[in-house]
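In the numbering used here, each residue's number is its place in the sequence shown (first place is 1) plus 192.
Don't read these hints as lab results, they were simulated from the structure.
A few of these clues could be false.
With a straight-line Cα cutoff of 27 Å, these simulated DSS-like cross-link-like pairs (lysine-lysine) come out [said to hold, decoys possible]:
| hint | residue 1 | residue 2 |
| --- | --- | --- |
| 1 | K258 | K271 |
| 2 | K230 | K258 |
| 3 | K202 | K215 |
| 4 | K219 | K258 |
| 5 | K219 | K202 |
| 6 | K258 | K215 |
| 7 | K202 | K230 |
| 8 | K268 | K258 |
| 9 | K202 | K258 |
If you anchor each label on the Cβ, the simulated ranges turn out as follows [as the list claims (entries may be wrong)]:
| hint | residue 1 | residue 2 | range |
| --- | --- | --- | --- |
| 10 | K202 | K268 | 34 to 42 Å |
| 11 | T211 | A262 | 30 to 38 Å |
| 12 | G203 | L270 | 24 to 32 Å |
| 13 | K271 | T201 | 30 to 38 Å |
| 14 | E204 | Y272 | 20 to 28 Å |
| 15 | A195 | P222 | 17 to 25 Å |
| 16 | Y264 | A232 | 26 to 34 Å |
Don't be surprised by glycine CBs; every beta carbon is placed ideally from N, CA and C.
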Amino acid sequence: VEAAASALTKGEVLLLENTRFYKGETKNDPALSEGLGKLADYFVMDAFGTAHRAHSSTAGVAEHMKLSAAGYLMEKELKY
């Protein structure tokens, strides 16, 4: 996965399988969070329904990014 992420060019995206299949996802495993963090520089949380979960793909990964932010859908939910 790291090789595929490194090979991306401008405008390309890499779609990962559902992280719920990974052991440690729901326990916010530091190694999994770090591994996910190696795949990108920026993290945008736009899933209001899962934002409250302290999982590797929602909370842990944000600690390993250059910048983390809430997305437009999250902003919309918080405003209304």
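Taking 27 Å as the top limit, are the C-alpha atoms of K202 and K258 close enough?
Distance ~18 Å between K202 and K258 Cα, so the pair holds.
Is it true that the CA of K258 sits at most 27 Å from the CA of K271?
holds, 26 Å
K258 and K215 were given as a pair; does the straight-line alpha-carbon distance stay at or below 27 Å?
holds, 25 Å
Between the beta carbons of G203 and L270, is the distance compatible with 24 to 32 Å?
holds, 29 Å
Mind checking the hinted window 17 to 25 Å against the Cβ distance between A195 and P222?
For A195 and P222 the Cβ distance comes to about 22 Å; the hint holds.
Within 30 to 38 Å: is that where the Cβ-Cβ distance between K271 and T201 falls?
holds, 35 Å
Status of the given 34 to 42 Å range, CB of K268 versus CB of K202
This hint is violated: roughly 28 Å between Cβ atoms.
Tell me if the straight-line CA distance from K219 to K258 falls inside 27 Å.
holds, 23 Å
Next pair to validate is K230 with K258; report whether the Cα-Cα distance is within 27 Å.
Roughly 10 Å separates the two Cα atoms, so the pair holds.
Between K219 and K202, does the CA-CA distance stay at or below 27 Å?
violated, 33 Å
Distance restraint hint 26 to 34 Å, applied to the beta-carbon atoms of Y264 and A232:
violated, 18 Å
Is the hinted pair K268 and K258 satisfied, with a Cα-Cα distance of at most 27 Å?
holds, 24 Å
Violated hints for the displayed structure, listed by number in ascending order: 3, 5, 10, 11, 14 and 16.
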